[in-house]
Structure formats: C-alpha cells, structure tokens
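S.K.: For reference, the chains in residue letters:
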Amino acid sequence: MAVMQVSDLGVRLSGREILKGVTLPTLQGGQVVGLVGPNASGKSTLLRTLALGRAFSGEIALDGAPVLSLSRRDRAQRLSLMPQTPPIGSTLTPFELLRSYARATRLSVSDRDLGQRMAGLLGQLGLLPDAHRRLNELSGGKRQLVGLCLAMIGEPEYLLLDEPTSALDLRWQLTALSVARDFARDRGAVCIAALHDINLALRFCDVLVVLDQGRLAAAGAPEEVMTAELLARVYGVSARLERCSQGAPVLIADAVAQPAPV
Amino acid sequence: MSKALHEGQEAATSGLFDQYRRIALRRAVTVAALLLLAGLAFLLDITAGPAGLGFGDVISGILDPASLDRRTHVIIWDVRLPDALIALVVGAALSLAGVETQTTLNNPLASPFTLGISAAATLGAAFFIVVAPAVGGFGQTLLLPAFAFSFAMIAAAAILGFSGLHGGSSTTIVLYGIALVFLCEAMTAALQYVASAEVIQQIVFWNMGNLTRAGWPEVAVVASVLAVILPFSLRDVWRLTALRGGEDQARSAGLSVTRIRIIVMIRVAILSAVAVCFVGTIGFVGLVGPHIARMLLGEDHRFLVPGACCTGAALLSLASWLSKVIVPGAIVPVYIITAIIGVPVFLVLISWRRKETSWQ
Chain R
0 MAVMQVSDLG VRLSGREILK GVTLPTLQGG QVVGLVGPNA SGKSTLLRTL ALGRAFSGEI
60 ALDGAPVLSL SRRDRAQRLS LMPQTPPIGS TLTPFELLRS YARATRLSVS DRDLGQRMAG
120 LLGQLGLLPD AHRRLNELSG GKRQLVGLCL AMIGEPEYLL LDEPTSALDL RWQLTALSVA
180 RDFARDRGAV CIAALHDINL ALRFCDVLVV LDQGRLAAAG APEEVMTAEL LARVYGVSAR
240 LERCSQGAPV LIADAVAQPA PV
Chain B
0 MSKALHEGQE AATSGLFDQY RRIALRRAVT VAALLLLAGL AFLLDITAGP AGLGFGDVIS
60 GILDPASLDR RTHVIIWDVR LPDALIALVV GAALSLAGVE TQTTLNNPLA SPFTLGISAA
120 ATLGAAFFIV VAPAVGGFGQ TLLLPAFAFS FAMIAAAAIL GFSGLHGGSS TTIVLYGIAL
180 VFLCEAMTAA LQYVASAEVI QQIVFWNMGN LTRAGWPEVA VVASVLAVIL PFSLRDVWRL
240 TALRGGEDQA RSAGLSVTRI RIIVMIRVAI LSAVAVCFVG TIGFVGLVGP HIARMLLGED
300 HRFLVPGACC TGAALLSLAS WLSKVIVPGA IVPVYIITAI IGVPVFLVLI SWRRKETSWQ
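Chains as they are written, first to last, in numbering that gives the first Met the number 0: chain R, 0 to 261; chain B, 0 to 359.
Calculated directly from the structure, the hints in this document are not laboratory data.
Virtual Cβ for every residue (Gly too), placed ideally from N, Cα, C.
It is possible that some hints are incorrect.
Listed below are several chain B residues computed to face chain R (Cβ distance under 8 Å; list not exhaustive) [to be verified]:
1. Ala-11
2. Thr-12
3. Trp-76
4. Ala-188
5. Leu-190
6. Tyr-192
7. Trp-237
8. Thr-240
9. Gly-245
10. Ala-252
11. Gly-253
12. Gly-297
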C-alpha cells in the first residue's frame with residue numbers, strides 16, 4: 000500500500016517562492032486527494048515537484064524513503080503525472096501513443112498484457128472506437144482522456160492528475176474521476192487530482208488539500224475543510240455548503256465577496 | 000472478474016490488435032515499396048549520362064566488369080556508380096537527419112541545416128580556399144572537406160552548448176541556428192569580399208551541391224557514417240514516437256526530453272556535416288523527404304525512420320538523374336535541381352498538409 004509524506008515543502012522558480020512550507024497529512028494508498036485552490040496557488044507546481052524531480056526544500060517520502068533516493072526510472076515508474084495540456088494533435092493514434100509510451104519508458108510488461116491494459120483503459124474511458132483514429136481528428140476532451148490513459152498505463156503507485164476534467168463534459172468528468180478512484184482503490188495507489196470544480200472534489204475525494212498563494216490553507220475531510228469562512232478567505236467568494244436531496248454536499252457560490260488580491 | 004467480462008475484454012484486445020496488425024502490415028509494405036522505388040531511382044540514375052550507354056550496357060557492365068573496354072569501365076565504375084551511390088546515401092542521410100530534427104524540435108520547417116551546419120560548412124570551405132589557394136590535388140581533396148566538416152561540427156557544438164545553458168528548448172535551438180546561419184553567411188561574404196575573382200568562383204562552385212565531385216572514398220565515408228548512425232536512430236524509435244504526443248506529456252512520463260534532443264542533434268550534426276562536406280549544400284531533400292514519408296507512413300517512427308531514408312534516397316537519385324538529362328550533354332549541379340523541383344513540391348505539400356494540422 001502506497002504512503003506519501005510531504006513536509007515543509009518549498010519550491011522557488013525564477014527567484015520566486017511558489018510553494019512555502021507546505022506540509023500535507025500522510026496520504027494513504029486507496030485515497031483520492033483533491034488539490035484545490037485559486038489560480039496560481041501552486042497546485043501544478045506541487046504535482047510537478049512530486050513527479051518530475053524539480054528542486055525543492057523540505058521532505059518528500061514514498062513509503063518512508065526519501066524521493067531523492069530513487070533513480071529517475073524508478074521514480075517515473077512509481078509516480079505518474081497527467082499534465083494540464085493534453086497530447087498534441089499529431090497524426091499518431093491513441094493506440095500508437097500508448098504503445099510508444101509503454102515501450103519508451105521500458106515498462107516491464109509483455110505485449111499481451113500491455114494489450115489487455117490498453118484495451119481496458121481505452122474501453123473504460125470510451126476510447127475504443129477512436130483507438131486507431133489520428134489524435135488531430137479527436138476533440139480536446141478525447142485527447143484529455145488519452146492523456147489520462149497515458150498516466151495510468153504504467154499502473155503507478157502514485158497517480159498525479161493536473162486538472163484532469165478541464166476539457167470534459169459532465170458525463171466524462173464523472174467517468175474520468177470514477178476510473179481514477181477505482182484505480183486508487185483497486186491497486187492501493189494514491190491519486191492526487193488538482194481540481195477547480197469544488198463539487199467534483201467534494202464528490203470524489205477522500206481528502207482535500209487547499210492551497211492559497213503557495214501555502215497550505217487547510218487539509219482534511221472535504222466537508223470539514225470546505226467552510227464558508229475558508230471559501231471567503233481563499234477564493235474571495237460568498238458561498239455555502241448545502242445538502243442535495245440525496246444527502247450529498249453541494250457547494251453554491253452566491254457572490255464575489257471581496258476584490259481579487261492583486 | 001466474471002467470465003463474460005473476461006471474454007469481452009479478450010475480444011476487445013484481440014480486435015484492437017487485429018486492426019493494428021493490418022495497419023502495421025500496410026506500413027511495412029509501404030516501406031518495402033519505398034525501398035524498391037529508391038532502388039529503381041538508383042538504376043535510372045546510373046543509366047543516365049552523356050556517354051550514351053544504354054540500360055542493358057550499364058547493368059551488364061556492373062555484373063561483368065571484365066567484359067568492358069577501358070573507356071566504358073571508367074565511365075561505369077569510376078563515374079556512374081560513385082555518383083549514383085553518393086546520391087543514394089546522401090539522400091538517405093539528409094532525410095534521416097531531417098526526420099529526427101523535425102520530431103525532436105517539434106517543427107515541420109526544421110531541416111538538417113536548421114542548426115546552421117550548411118552555412119558553417121560553407122564558411123569552412125571558403126576559409127580553406129581563401130587561406131590556402133595554392134593547395135591543390137590530393138591536399139585539396141582531403142583538406143577541403145575536412146575544413147568544411149570541422150567548421151560544421153564546431154557550429155553544432157556551439158549551438159548545443161549555448162542552448163544547453165538555457166534549458167535546451169526547441170525554440171532556443173532553432174533561434175541559435177538562425178543566428179548562426181546569418182553569422183556564417185556574413186563571414187563567408189567577408190571572405191569573398193577580400194578574395195580574388197577566381198577564388199570567389201571556387202567558393203560559389205563548392206557551395207553548389209554537386210554529386211559529381213564524389214568518388215569511392217567519399218561514398219565509403221558517407222555510407223559508413225550512415226551505417227553507424229542508423230542503428231542508434233532505430234534504437235530511439237519509441238522515444239521519438241512518444242515525443243509526438245507533446246513535450247509536456249513526454250516529460251511527465253519520465254522521459255528526459257532534453258537528453259533525447261541533445262543526442263539526436265549530435266546524430267543530425269554528424270550526418271549532415273558529413274554529407275555537406277563532400278557534396279556541398281543540397282537543400283529540400285532533408286525537408287521534403289521526411290514530409291513525404293510522414294504522409295505515407297504516419298508518425299510511428301519504427302516505420303517512419305526507415306521510410307524517410309528511402310524517400311530521401313529516392314528523391315536525390317531522381318534529382319541526380321534529372322540533373323543529367325535535363326540539359327542534353329551537360330550535368331547541371333543537383334543543388335539547382337533539388338531547389339527548382341523542391342519548391343513546387345514543398346508548396347503542394349504545405350497546401351495538402353493544411354487539411355491535417357499535425358504540428359502544434
């Protein structure tokens with residue numbers, strides 16, 4: 000079961016301090032962690048620091064071992080990032096791209112098992128009919144789903160998703176996050192997803208981490224974290240958490256509470 | 000997993016792979032056809048020339064050299080074959096360098112000369128011609144390409160070094176390449192400004208890509224370099240294919256994009272410097288060859304890399320044949336042919352490709 004610990008994390012980029020002393024609760028395998036916060040709060044930087052070995056201060060440990068002790072290849076196999084930008088619209092097909100990723104990253108899996116994994120992922124995300132269509136013929140949303148397949152093809156222990164639903168319609172938002180949640184549950188993986196849609200975060204995440212201007216604003220169970228006070232302080236909106244007819248929490252944003260910080 | 004679900008997944012996997020196998024077979028056949036086309040273009044090329052030898056004479060002369068008289072032996076074995084072979088290997092080398100440059104720089108306009116290699120080689124040749132005009136014969140045969148090659152490699156090293164200092168992004172490499180082209184051209188112009196009319200003529204003639212100045216040693220060197228580099232390119236086909244999903248995606252998958260780019264650029268620099276130092280600047284083959292291969296074979300580099308070698312070889316062989324037959328009794332420098340034919344072909348390709356925006 001995967002376990003991630005992040006303490007006192009600091010990241011500087013081009014002389015600017017992007018993340019400042021971020022300490023997360025211990026993240027356990029099987030959990031879906033929602034990373035939320037306003038624009039430029041450091042969500043993508045946090046994910047990229049975890050996945051890509053960007054220089055940082057503080058500590059990141061996977062299963063108790065410092066992440067810096069891992070080789071580049073080991074790290075890439077255990078941590079996989081789905082970036083914000085979907086695969087570009089080249090004349091490759093999703094099938095070719097997935098296969099080339101698996102082989103370029105020297106995934107230790109037979110052709111037969113790889114084929115089953117690819118078919119499984121493409122099927123779950125509704126991409127089987129498009130498997131042999133060129134990426135430049137697919138919509139932005141479908142290419143985003145291909146990006147999710149790419150992040151999951153190596154079956155990582157830590158699945159990091161940067162705004163995985165930004166180009167998707169309602170149905171595929173729910174499908175994509177369901178697939179990611181099932182992946183975490185079935186394999187004991189940690190899934191961290193940066194999300195702008197708080198309602199999706201409330202629905203799918205076990206833990207919410209709220210960042211504000213590079214600092215940790217709050218972390219914990221979604222309903223405990225998403226208070227009216229936090230939403231006013233971090234997002235500058237007047238909002239409330241209500242319960243829908245089925246008892247699930249729903250966020251309703253009423254108005255801008257204060258001017259956006261400059 | 001239930002039996003029905005398992006069977007469903009098996010069927011989906013099998014269907015997915017059956018369709019892919021058909022696509023892969025079609026591409027393998029296309030690569031074989033391109034190889035055949037390059038072979039036919041090569042045969043066409045060796046049959047052309049002012050000596051008036053027919054196709055049958057040339058083929059029987061190659062198969063049975065002992066039957067040839069002295070004059071025909073020299074024409075076939077010392078002129079036609081080296082000329083045709085250098086067209087084949089230089090075309091393949093430039094197109095291979097082109098396809099790798101375009102993929103790693105994610106730029107459809109990139110060619111092997113984007114790094115300023117051609118301009119630097121011309122500067123090297125011009126420098127040698129101006130500084131050592133008295134050196135002739137064997138010295139010139141050996142030293143002139145050596146100077147051209149050295150300058151080209153220094154230029155490539157400078158670009159890779161500078162761009163490496165600034166993160167090695169594709170934009171940085173292209174911009175440094177453009178800057179270097181202007182610098183080398185200005186320095187070549189400065190050398191021409193102080194040179195005599197005769198020396199200027201030599202420099203201009205050298206710069207015009209011309210396959211007829213190559214002999215067996217040049218063929219052997221270019222073919223050997225191609226034979227050494229090509230396996231490394233083939234070893235990287237999965238990485239090159241993965242790069243066509245986008246740089247951000249490739250980095251996120253743990254691929255070291257900067258490292259791949261630098262290794263590819265070293266290969267490109269060696270291939271194009273070797274080609275240009277023996278035959279001068281031959282434009283468009285390294286640009287158009289890869290585009291034709293991409294249109295026919297898609298972007299799976301397992302097929303694209305060998306396919307691009309074949310299209311480049313076929314293109315330059317056909318251009319070489321045309322350069323011999325277009326003006327009866329004379330051989331036009333192939334540089335002129337590739338440029339005159341390459342421009343309209345390129346314009347057609349651009350209008351064709353607009354329908355399928357493959358580059359972002």
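S.K.: Could you run down the list of hints and mark each one as holding or not?
M.R.: Consistency of the hints with the structure:
1. Ala-11: holds, 4 Å
2. Thr-12: holds, 4 Å
3. Trp-76: Violated, because the Cβ-Cβ distance from B/Trp-76 to chain R comes to roughly 44 Å (cut-off 8 Å).
4. Ala-188: Hint on B/Ala-188: violated, closest Cβ of chain R at ~39 Å, above 8 Å.
5. Leu-190: violated, 42 Å
6. Tyr-192: violated, 44 Å
7. Trp-237: Result: holds, 4 Å to nearest chain R Cβ.
8. Thr-240: holds, 4 Å
9. Gly-245: Status holds, d = 4 Å.
10. Ala-252: Holds - the Cβ of B/Ala-252 comes within 8 Å of chain R, reaching about 5 Å at its closest.
11. Gly-253: OK, holds: B/Gly-253 within 8 Å of chain R, min 2 Å.
12. Gly-297: holds, 5 Å
The structure fails hints 3, 4, 5, 6 (numbered hints given earlier, in ascending order).
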